[in-house]
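Protein chains: 2
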Amino acid sequence: MKNSYDVVVIGGSAAGIPAAITARRYHQDKSILIIRKENRVSIPCGIPYIFGTVMDVEKNLIPDGVLEKNKIDLIIGDVKEINKEEKSITVDGKSITYDKLVLATGSNPIVPPIEGVHKNNIFPIHKDPTYLKNLLLKVNESKDLVIIGGGFIGIEFAEECKKNRKNNVTLVELMPKCLMSAFDDEFCDEAKNILTNENITVKNSRKVTECLGGNDVNSVKLDNGEIIKADAVILGIGSIANSSLAKSIGLDIGELGGIKVDSNMRTSSHDIFACGDCIDAKSFFAETPSKVKLASTATMQARIAGANLFSTKRSDKGVIGVFSTALNGQAFACAGFTEREALAHDYQIEIGVAEGPNRHPGSMNGMQNMKVKLIFNKYDKTIIGGQISGALSAGELINAISSFILSKFTADDIAIFQLGTHPALTASPIAYQLVNAAEIANTKMLLSGEDHV
Amino acid sequence: MKNSYDVVVIGGSAAGIPAAITARRYHQDKSILIIRKENRVSIPCGIPYIFGTVMDVEKNLIPDGVLEKNKIDLIIGDVKEINKEEKSITVDGKSITYDKLVLATGSNPIVPPIEGVHKNNIFPIHKDPTYLKNLLLKVNESKDLVIIGGGFIGIEFAEECKKNRKNNVTLVELMPKCLMSAFDDEFCDEAKNILTNENITVKNSRKVTECLGGNDVNSVKLDNGEIIKADAVILGIGSIANSSLAKSIGLDIGELGGIKVDSNMRTSSHDIFACGDCIDAKSFFAETPSKVKLASTATMQARIAGANLFSTKRSDKGVIGVFSTALNGQAFACAGFTEREALAHDYQIEIGVAEGPNRHPGSMNGMQNMKVKLIFNKYDKTIIGGQISGALSAGELINAISSFILSKFTADDIAIFQLGTHPALTASPIAYQLVNAAEIANTKMLLSGEDHV
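Protein chains in written order, with this note's numbering: chain A, 8 to 460; chain B, 8 to 460.
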């Protein structure tokens with residue numbers, strides 16, 4: 008291993024890998040090194056699926072072949088020190104100099120300050136494969152499982168940990184609904200119904216106040232006094248930027264605790280870039296930073312950082328936030344603002360909703376329902392958000408909505424969007440939900456107040 | 008039934024229905040009438056699926072409920088005469104006046120000038136349900152079926168007419184490959200392989216020169232002298248604008264034989280609009296008219312026509328052409344120009360191709376391969392076309408590509424597109440084909456000529 012590189016990337020997951028690959032794509036002759044802590048890297052969004060669908064930590068790893076193929080060197084080690092004046096880092100006692108440094112140090116799971124939260128068998132979701140292997144064993148033998156947090160990770164863990172098992176799974180969420188940060192109430196209710204039908208107990212508007220037991224947890228206590236048996240507890244509360252290295256060398260830190268970057272993903276130090284969960288990302292909609300921490304967002308930021316290292320080529324438009332998930336074969340997807348979020352940001356909004364089969368005629372194979380809700384800014388009629396539930400192809404349709412948001416399409420633009428349709432693949436062009444939802448909102452805005460068909 | 012309407016729409020399928028509905032959405036108080044020839048209307052793109060998947064003409068009808076719901080009157084009848092000075096039409100001897108008229112008269116299947124083409128059991132694809140019922144009976148009893156034409160309709164008919172039957176199905180296509188008007192060679196080859204594996208005989212670069220037999224066809228003769236047994240022949244060659252009514256009243260006709268319209272879908276007569284297969288549509292890419300005739304395109308044009316009747320609100324950007332189909336559970340989708348088409352239009356182009364699983368990890372349920380090819384204009388790096396094969400969600404992903412083309416996204420824009428990804432729904436964000444295909448083309452253009460990773 009050399010002791011000098013053109014590019015050093017710290018972190019080897021959803022931000023670090025594409026940052027290094029992008030640097031390679033743009034610079035055939037630069038030497039590039041990734042340093043990461045983990046021997047092997049879990050596919051981050053795949054982690055919940057280890058526990059039911061995949062049932063094997065080994066099948067949820069990002070292969071290192073992509074690094075070799077792109078002539079990217081790899082060191083497994085913990086970077087304890089950066090010297091930004093000398094442009095060097097120290098990893099396991101060895102000093103390596105860099106020309107450009109990328110911080111892709113990710114995030115850490117939040118461990119809430121609940122009494123007893125450090126007892127045995129209470130698990131924040133770390134991404135380390137060995138840790139996850141142990142967690143899988145615990146889930147397999149667990150009879151009473153409590154999951155704290157009803158966001159994406161929490162609901163996915165709940166469903167997967169229940170799959171093919173005769174255990175009791177209880178999900179406890181502080182907010183009145185699950186998935187509230189991503190979806191409006193009607194979608195949250197749909198998701199909850201699916202979980203309930205799968206015999207998962209969902210407790211909303213409830214807080215765990217204490218984890219009870221001896222060394223090992225045996226139950227949790229809720230704010231209403233209720234005690235729920237628990238031989239294992241999973242903490243799916245979210246994550247917080249891991250910006251400790253950046254802090255240690257005095258880089259500017261944002262108000263949410265992530266590394267501050269400009270729209271080129273450059274930190275307050277000229278030769279140091281940062282991307283992914285470790286940064287405070289700009290929002291597409293507002294000047295305030297975005298709370299969204301997603302692998303897909305991280306890869307986008309990494310593709311900006313990796314291209315900009317030696318000359319500025321790309322600029323971040325800010326995070327839209329495009330999520331999707333699936334519960335019992337039904338997709339939930341969203342992009343941009345929910346109705347609730349838009350109102351909280353003081354937008355005047357109009358809504359269009361359209362629902363129907365995703366095939367035409369409905370007797371075609373694979374027919375599922377699909378509901379599309381679009382949210383428009385009344386002021387200029389541009390789309391600021393969309394939500395879909397139903398057929399699995401929602402996972403790709405949401406990308407059309409993301410593109411509309413990015414291009415600031417109006418309701419009118421979407422109503423005459425040139426869609427592709429096919430009996431075996433989509434809704435009919437007459438009943439196409441995306442277009443009709445836009446047209447419904449459009450005519451509401453046009454006729455403002457008049458009852459319309 | 009009244010004898011005077013604010014809006015009369017002639018035609019009740021993929022163009023007529025959304026034109027009338029859009030008129031209703033924009034004008035609560037106008038009286039609206041649809042006049043159509045057919046007692047009942049087949050879902051046009053669903054027609055091939057009657058013959059294998061659905062097996063029932065009755066299950067492939069557009070329900071009339073949507074007309075009632077939108078307070079749209081309906082007359083079943085044949086309009087023989089329009090008096091554009093008096094603003095009236097004559098249907099079955101009765102005169103009805105209109106304020107605005109919409110021609111949505113569709114297209115007729117092409118019957119090629121082959122010797123013997125008018126024998127019994129040779130079927131152009133008419134959309135009339137009664138005609139299709141008879142065709143279904145013929146297909147069910149047919150032992151040797153020949154399909155002339157290897158475009159979308161031809162290949163879909165071939166697969167469906169073979170499904171669950173012990174017949175011989177032969178597809179004869181004039182061009183060296185099937186689907187050549189929509190896809191580049193490698194995609195055409197994939198499609199042909201699927202058909203061949205289903206024991207459909209595909210003959211490319213072959214022309215049917217004669218239909219042989221007595222009153223009933225018994226075989227077809229190819230240009231190489233080969234004779235193929237045929238107790239039924241289906242003509243899937245395409246369709247031609249039905250603009251005869253428009254011609255009869257002297258409206259301007261385009262070079263492809265369709266009704267000439269401006270970008271507001273207005274004909275050369277101020278109070279007459281036209282949309283759908285009956286018009287010569289503008290292309291998104293060139294000044295020449297587009298040959299694309301699709302239900303989805305028709306609905307888009309209808310939504311423009313319907314909104315513009317009483318005041319101009321919408322403008323057509325021209326037809327991109329977004330198709331999709333599925334063969335044996337594998338999707339094929341395209342938008343805009345193929346490589347071949349772009350070169351024929353004298354573009355300097357760059358290509359990016361990326362391929363991989365549509366799930367992450369690959370052991371997730373429903374994993375299929377997905378290949379994405381993107382075509383860029385080298386001059387300004389904007390996307391001018393895209394093709395996808397593989398997983399069924401391609402049917403929605405192609406809509407993201409359509410949106411990119413419409414917004415004139417560059418390869419760079421797409422490379423940092425904010426995608427939504429999920430293990431159970433899409434490729435991983437690192438390996439996401441759409442973004443990587445763009446990045447590959449982008450770096451090729453940047454490094455122009457240099458070998459890149």
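These are computed hints drawn from the structure, not numbers from a lab. Every residue, glycine too, gets a C-beta built ideally from N, C-alpha and C. Possibly wrong hints are sitting among the right ones.
[Unchecked claim] As a list, the in silico BS3-like pairs of lysine-lysine whose alpha-carbon atoms are at most 25 Å apart:
#1 A/K134 x A/K44
#2 A/K324 x B/K388
#3 B/K134 x B/K66
#4 A/K134 x A/K94
#5 A/K378 x B/K76
#6 A/K385 x B/K320
#7 A/K388 x B/K324
#8 B/K37 x A/K415
#9 B/K451 x A/K324
#10 B/K451 x A/K78
#11 B/K320 x A/K37
#12 B/K37 x A/K320
#13 A/K451 x B/K134
#14 A/K415 x B/K66
#15 B/K134 x A/K378
#16 A/K451 x B/K415
#17 B/K76 x A/K324
[Claimed, not checked] Estimated spans, in silico, between C-beta atoms of each pair:
#18 B/L454 x A/G257: 32 to 38 Å
#19 A/K170 x B/K126: 55 to 61 Å
#20 A/N376 x B/K126: 41 to 47 Å
- Query: Hint numbers the structure violates, sorted upward?
  - Reply: When the structure is compared with the hints, numbers 4, 8, 11, 12, 13, 14, 15, 16 and 17 turn out to be violated.
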